[in-house]
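Kindly produce the complete structure, drawing on both the sequences and the hints.
Listed below are the residues making up each chain.
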Amino acid sequence: MATITIDPVNRIEGHLKVVVTVNDTTGVVSDAECTGNLFRGFELIMNRRDPRDAPVICQRI
Amino acid sequence: MASVRSLENALGIIGDPGTHDVNGDVPYNPYLIPDNGRIIQNIIHGADTVMSHITHLYHLSALDYINTSTFPGMGPWLPSYTASDMIDGSSTLGSALVTHYVEALAMRRKMHTAGALFSGRQPIQNAIVPGGVTTLYSTTYPLSPSSTQDYDMYGPFNAGDTNTQFSALLNDVRAWINTTYIPDVVTVANAFPAFWSQGVGCARLLAYGDFPVDSSGTMLLKRGYCNTLSAQTFDAADIVEYVDYSWYQYGLNESALDPYSGRTEPTKANASGYSWLKAPRLMPAGTPLVCEVGPLARMVNTHLRAGTQVTVTDADLPAAQQLVGAPYNASGLIAAALALTVPVQPASALISALGRHAARALEAKYIADAMALWVNQLVADAQCYTYKRIPKQISKGAGLCEAPRGALGHWIKIEGRKVAKYQCVVPTTWNGSPKDALAQHGPIEQALMNSNIGLNPTDQIVRLLRLIHPFDICIACAVHIVSPDGKEKLKFAINPDGRPTNIEISE
Chain B
1 MATITIDPVN RIEGHLKVVV TVNDTTGVVS DAECTGNLFR GFELIMNRRD PRDAPVICQR
61 I
Chain E
1 MASVRSLENA LGIIGDPGTH DVNGDVPYNP YLIPDNGRII QNIIHGADTV MSHITHLYHL
61 SALDYINTST FPGMGPWLPS YTASDMIDGS STLGSALVTH YVEALAMRRK MHTAGALFSG
121 RQPIQNAIVP GGVTTLYSTT YPLSPSSTQD YDMYGPFNAG DTNTQFSALL NDVRAWINTT
181 YIPDVVTVAN AFPAFWSQGV GCARLLAYGD FPVDSSGTML LKRGYCNTLS AQTFDAADIV
241 EYVDYSWYQY GLNESALDPY SGRTEPTKAN ASGYSWLKAP RLMPAGTPLV CEVGPLARMV
301 NTHLRAGTQV TVTDADLPAA QQLVGAPYNA SGLIAAALAL TVPVQPASAL ISALGRHAAR
361 ALEAKYIADA MALWVNQLVA DAQCYTYKRI PKQISKGAGL CEAPRGALGH WIKIEGRKVA
421 KYQCVVPTTW NGSPKDALAQ HGPIEQALMN SNIGLNPTDQ IVRLLRLIHP FDICIACAVH
481 IVSPDGKEKL KFAINPDGRP TNIEISE
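Chains B and E, in that order, give the protein sequences.
The opening position of the first sequence corresponds to residue 1 in my numbering, with each subsequent residue numbered one higher.
The opening position of the second sequence corresponds to residue 1 in my numbering, with each subsequent residue numbered one higher.
Please note that the accuracy of each hint is not assured.
Claimed, not checked - Estimated spans, in silico, between C-beta atoms of each pair:
no., chain 1, residue 1, chain 2, residue 2, range
1, B, 7, E, 197, 25 to 33 Å
2, B, 23, E, 458, 12 to 20 Å
3, B, 26, E, 70, 28 to 36 Å
4, E, 253, B, 23, 34 to 42 Å
5, B, 1, E, 418, 48 to 56 Å
6, E, 179, B, 2, 39 to 47 Å
7, E, 197, B, 1, 20 to 28 Å
8, B, 39, E, 315, 47 to 55 Å
9, B, 31, E, 315, 28 to 36 Å
10, B, 28, E, 336, 32 to 40 Å
11, B, 23, E, 283, 29 to 37 Å
12, B, 23, E, 272, 20 to 28 Å
What the hints assert, rightly or not - Chain E side only, calculated, beta carbon under 10 Å to chain B, not exhaustive:
no., residue
13, 60
14, 244
15, 254
16, 261
17, 266
If you are wondering where the hints come from, they were derived from the structure by calculation, not from laboratory data.
Keep in mind that this is a model prediction, so the values were computed, not measured.
Heads up, the beta-carbon is just placed ideally off N, CA and C, and yes, glycines get one too.
Have a look at this one:
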C-alpha cells in the first residue's frame with residue numbers, strides 16, 4: 001500500500017488536501033481523506049448583527 | 001441568494017415548505033415576490049452560474065486532459081502535472097482546445113457583463129434583496145450605452161437598452177456553448193471513455209432546486225434526491241451535520257445537529273478531526289445518508305421529474321449555432337447529448353467523473369436558453385420588489401438555493417431584530433465532507449475509493465485530479481488576515497457575543 005498526498009489540490013477555489021491509499025499491485029484506491037484547510041467563520045461573524053447584513057456579507061458562500 | 005431567501009422566509013415573503021411535490025416543484029405559500037423581481041433574481045443568478053460553469057471546464061479542468069508542457073514559459077499553464085495519456089497541446093486537437101481556453105475568458109466576461117446589466121456588478125452583486133431586486137427596470141431611466149464594446153458598458157440603462165444589450169451578449173454565449181463548449185466536452189469524453197465509469201462515488205444525488213419560473217413554484221431545476229436513478233422525496237428538516245472528524249465541537253451528548261440548532265465552535269482538540277468542513281448528511285429515517293450535490297444532481301433530479309419540466313429552445317439562433325434546433329426539456333437535452341458519445345453512454349453513466357462535466361455543460365445551456373426567454377417576460381416600469389420590515393418578534397427562516405457548485409442552504413434565527421443564529425451548509429461541505437459518526441466517507445472520498453488510478457506515479461496524480469476536479473470544489477471564502485508578503489499577521493476568535501478577540505500571532 002502506498003500513500004499519495006496532494007496538498008494543495010490546484011485549480012480549485014480554496015485550499016484542499018487529499019490523501020489516498022493505493023494498492024501498489026492493482027492501482028486501486030482503498031482509502032481517501034479529504035481535508036478542507038480553511039476555517040470559514042461566517043456563522044460567527046453574523047452573530048448579533050443586523051439581519052439585513054446577511055446578504056451583503058454571506059452572499060459569497 | 002441563500003441568505004436572501006432565508007430572510008425572505010423569515011420575513012414571510014416566501015413560505016418555503018422545505019419539501020416538494022411529485023414534480024420536484026416547490027409550491028411556496030405565500031410567494032410575494034413580484035414577477036419582475038423573481039425574473040431578475042433568476043437572470044442575475046443564472047448569469048453567474050453559466051459564467052462559473054465555463055470557467056470550471058476550461059480554466060480549472062481542461063489541463064487535466066491537455067499536455068501544455070510543449071508551450072515553454074506559458075504561465076499559468078506551467079508548471080503543470082503531465083500524464084502519458086494526455087492530448088498533446090500542439091496537436092491539431094490540442095491547439096483547438098487551447099484556443100477555446102482563451103475564447104472562454106471572453107465568454108466569461110460577456111456572461112458577467114450581461115448579469116451586471118441587471119445587478120450593477122458581478123460577481124458579489126448587491127442588487128438581490130429580500131423580496132426581489134433593487135434594479136430599476138424603467139423606460140425613462142436616462143442612461144444609454146456609451147460604447148459598443150461589451151467590456152466598456154456600464155449600466156444601468158433603460159429597459160429597452162438593457163434588453164438589447166443583454167440579449168446580444170447572451171446569444172454570443174449561447175451560440176458558443178452550442179458550437180464549442182458542449183462539443184469540447186463530447187470530444188474529451190470520447191478521448192477518455194474510461195472516466196465514464198470512474199469516480200462514481202456515493203451515487204446519491206441531492207438538489208434543492210432553483211429558478212422558479214412562475215409564482216406557484218414551478219422550477220427550472222427540480223428539487224429532490226435520488227438513489228442512482230430512483231427518485232426520492234427530500235425534506236429540508238432531514239438535514240443534519242456531524243463533526244466527529246472535523247475541527248469543531250458540539251455540546252455533551254450532541255451528535256447530529258440540524259442547522260437551526262447547529263453550532264460552529266472551532267477546536268483543534270478533536271484528535272479524530274482532519275477537516276474544517278463538517279459532515280452534512282440527510283437523515284430521512286434514522287440512518288445518515290451521504291449525498292452528492294452539484295450540476296449532476298440537478299440535471300439528474302430534473303430528468304427524473306417528468307411532470308412539469310420546463311421547455312426552452314435554441315431555435316431562435318442562426319442554424320449553424322443551434323445544437324438541438326427544436327424546443328427541448330432537460331430529459332431531451334440529456335438524450336441528445338448522450339447520443340453524441342462514442343461508445344454511446346446510458347443515462348446511468350452520468351454518475352461518473354465525465355458525467356459531472358457533461359451535466360455541468362448541459363445545465364449551462366439549459367439555463368442560458370431559459371434566460372433568453374425570461375428577459376422577454378420582464379415588464380418595464382413594473383414593481384421589482386416587495387418590502388417587509390425585520391419583525392420585532394422572534395422569527396426564523398431557511399434559504400435553499402442552487403449555487404453554481406450545488407445545493408446551498410442558509411438558516412437564520414432573528415431575535416430583537418438581531419441575528420441570534422446563522423448557519424450555512426454549502427455545496428463543498430456536502431461534497432468534500434469528512435467521515436460522519438458511522439465513519440461513512442464523504443462523496444469526494446467515495447468517488448476516489450475503488451477507482452483505479454494505475455501504477456505510474458505521475459499518471460496517478462493526474463488521474464486523481466480528473467476524479468476530484470469535476471466536483472468543482474469551492475472553499476476559498478474563509479477568514480484570513482495576511483500581510484502583503486503573505487505572512488499571517490493576526491488570528492481572531494469570535495466570541496458568542498459576536499465580538500472578536502485577538503488570540504495569537506501565528507508563526
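Structure-based check of all given hints:
1. Taken as a hint, the range 25 to 33 Å holds for the pair residue 7(B) and residue 197(E), whose Cβ atoms sit roughly 28 Å apart.
2. Against the hinted window of 12 to 20 Å, the Cβ-Cβ separation of residue 23(B) and residue 458(E) comes to about 18 Å, which satisfies the hint.
3. The given range of 28 to 36 Å is respected by residue 26(B) and residue 70(E), whose C-beta atoms sit roughly 32 Å from each other.
4. For residue 253(E) and residue 23(B), the Cβ-Cβ distance of about 39 Å falls inside the hinted range of 34 to 42 Å, so the restraint holds.
5. For the hinted restraint 48 to 56 Å between residue 1(B) and residue 418(E), the CB-CB distance of approximately 53 Å keeps it satisfied.
6. A C-beta distance of roughly 44 Å is found between residue 179(E) and residue 2(B), which places it inside the suggested range of 39 to 47 Å.
7. Against the hinted window of 20 to 28 Å, the Cβ-Cβ separation of residue 197(E) and residue 1(B) comes to about 23 Å, which satisfies the hint.
8. One distance hint, 47 to 55 Å for the beta-carbon pair residue 39(B) and residue 315(E), holds here, with the actual separation near 49 Å.
9. As the Cβ distance of residue 31(B) to residue 315(E) is approximately 50 Å, the hint placing it in 28 to 36 Å is violated.
10. A hinted range of 32 to 40 Å for the beta carbons of residue 28(B) and residue 336(E) is consistent with their spacing of about 35 Å.
11. Here the CB-CB span from residue 23(B) to residue 283(E) is close to 33 Å, well matched to the stated 29 to 37 Å.
12. Distance hint for residue 23(B) and residue 272(E): a CB-CB separation of about 25 Å, consistent with the stated range 20 to 28 Å.
13. The closest approach between the C-beta of residue 60(E) and any C-beta of chain B is roughly 4 Å, which is under the 10 Å cut-off, so the hint is satisfied.
14. Hint status for residue 244(E) relative to chain B: violated, with the closest Cβ pair at about 14 Å, above 10 Å.
15. Here the hint on residue 254(E) is broken, as its CB sits about 16 Å from the closest CB of chain B, past 10 Å.
16. Look at residue 261(E): its Cβ only gets to about 13 Å from chain B, farther than 10 Å, so that hint breaks.
17. With a cut of 10 Å, the hint placing residue 266(E) at the interface with chain B holds, because the nearest CB-to-CB distance is about 6 Å.
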